[in-house]
Amino acid sequence: MAVTVREIERKYAVTPAFVLPRLGAVSGVVTARTRRTVSLEAVYYDTDDLRLARNRITLRRRTGGADAGWHLKLPVRVGQRDELRLPLTASEGRIQVAEGARHTPPAEFVDLVAVHARGAQLRPVARLRTLRTARRLRDATGSDLAEVVDDQVSAQTLGESTTLSTWREIEVELVDGGPEVLDAVEELLFAAGAVTAADSSKLARLLGPALAAGPGPDLPTAPRRLRRSRPAGEVVRAYLIEQVRALLAADPRVRLDEPEAVHRMRVACRRARSALRIFAPLFPAQTVARLDIELRDLAGALSAARDAEVQLAYFDGRVAELPAALVAGEVHEVVRAHLDAGLAAGREQALEMLRSERYLTLIDSLLALVQAPLTGRARKPARSVLPTLVRRADQALARKVSAAARLPVGHERDELLHTARKQAKRLRYAAEIVSPLYGTKAAKLADAAAQAQELLGIHQDATVARDLLRAWGIAAQAQNSPTAFTLGVLYGLEECRGRLAERDFFDAWPAISAPRHRGWLS
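If you read the sequence shown in the working numbering, its first letter stands for residue 4, the second for the next number, and so on.
I should point out that these hints are in silico values taken from the structure, not numbers from a laboratory. Just to be clear, a hint being listed does not mean it is correct.
[Claimed, not checked] DSS-like, lysine-lysine: derived pairs with alpha carbons at most 25 angstroms apart: (1) K444 with K403; (2) K425 with K444; (3) K447 with K425; (4) K425 with K403; (5) K428 with K444; (6) K403 with K428; (7) K383 with K444; (8) K383 with K425; (9) K428 with K447.
Let's have the full structure, built from the sequences with the hints guiding it.
What follows is the structure, encoded as structure tokens:
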């Protein structure tokens, strides 16, 4: 199992003659002890077209120093990465290649970068040798605030051609201190002649020419400012880029079973799918139809794990709130056993999807879509296209609510309210997509749709919980388990919760559907 370390650091370029300033002058630092100089060697792995480096991911095998082993660095945000570490013994086998012995990257790390490699083989692309002198900055209690390292680097590319390079750089990495420590050290370094490094990593500096000549990151940079006069497709595409970015970022986190990772990935799928559905006329019809199915199935594969997570937390609280007189048998254990089984099965289902060729094809298709040239209606000004499509989504929600209101309370009405909830979510996303163009007008419509989504979400959650409790109660009754009574009590509470949410929604609907939220759509 890999060990994960959050890396928060800043890099600085310096000349060979640079003199490191006296770090004990930093506020709060009592000692700045110099550690023994160590020699490090790292071999970096990537695809032939450097797909990992292009997306700010590094995979290396390092020897020397206290952290020798396999390292995988995943970006978090600017200046922050998560470094996953495995010991060298995790490597399996050795093969001889032209540049010498090559080790096989651990299968666990290969899996974590699969969404970027997408079937391409990983091979050694660079070797870096570093002579490192570190200084630990400690406070009066002896706690390590930060580490400042002075690196003398000798680097070479590996492959058909070799590029040699040498340089010196300073890295400042946070340990237990706050960001103010980084700021104070930076001030000293700048005063001594250091400048912020142009590249985010040593590997990026070495591979700079190759990266510049390549296709760039998987995802293009979305425009910062969107205007109503810009092409409609550009506005929607900017939103899609952010959803695909969120999906790619969540992928390794889902594989690592991190909290909320499945939720973030599922939300990105649903947002992308909603955007394609509502703004379908801006894209090729066959592409939209195919992606709609694939995104639906991906979200579905993630749903079981996420739903079990949410239900575990909910039922734990629900059972704890019951008066002792209404708790018969080991209800908590029975509920958890059912949901734990669903959680395990859901996780396997999610991983099976993420490791399929179908999923990688979907990623390729999404990347192709957001980089394809705009055609047809997508090239028309946003103000002449997008409000009309948002209005259609709004009208679709009104029709579903009206149809549900005409039905008696029961299963058929529940189903229609569930589809209305999904439509409210699409409308909310649509309003959010155009909010950079229409500001508070679009934001108010998004808020109204979110209110509908929340009320109908409570109704749907109660409906799902009620159906689960019914099945569990019947099973408990068949086994003559006393928990059947308490499961029945919980069933009644969920039935009540669902009907109250249904009532609250229809009471709020006149305000939610008020014309004042929609004047800008005309």
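A quick look at each hint next to the structure:
no.: 1; hint: K444 with K403; in the structure: holds (23 angstroms)
no.: 2; hint: K425 with K444; in the structure: holds (22 angstroms)
no.: 3; hint: K447 with K425; in the structure: holds (19 angstroms)
no.: 4; hint: K425 with K403; in the structure: holds (10 angstroms)
no.: 5; hint: K428 with K444; in the structure: holds (17 angstroms)
no.: 6; hint: K403 with K428; in the structure: holds (13 angstroms)
no.: 7; hint: K383 with K444; in the structure: holds (22 angstroms)
no.: 8; hint: K383 with K425; in the structure: violated (29 angstroms)
no.: 9; hint: K428 with K447; in the structure: holds (14 angstroms)
Violated hints amount to a single one, hint 8; each of the other numbered hints is respected by the structure.
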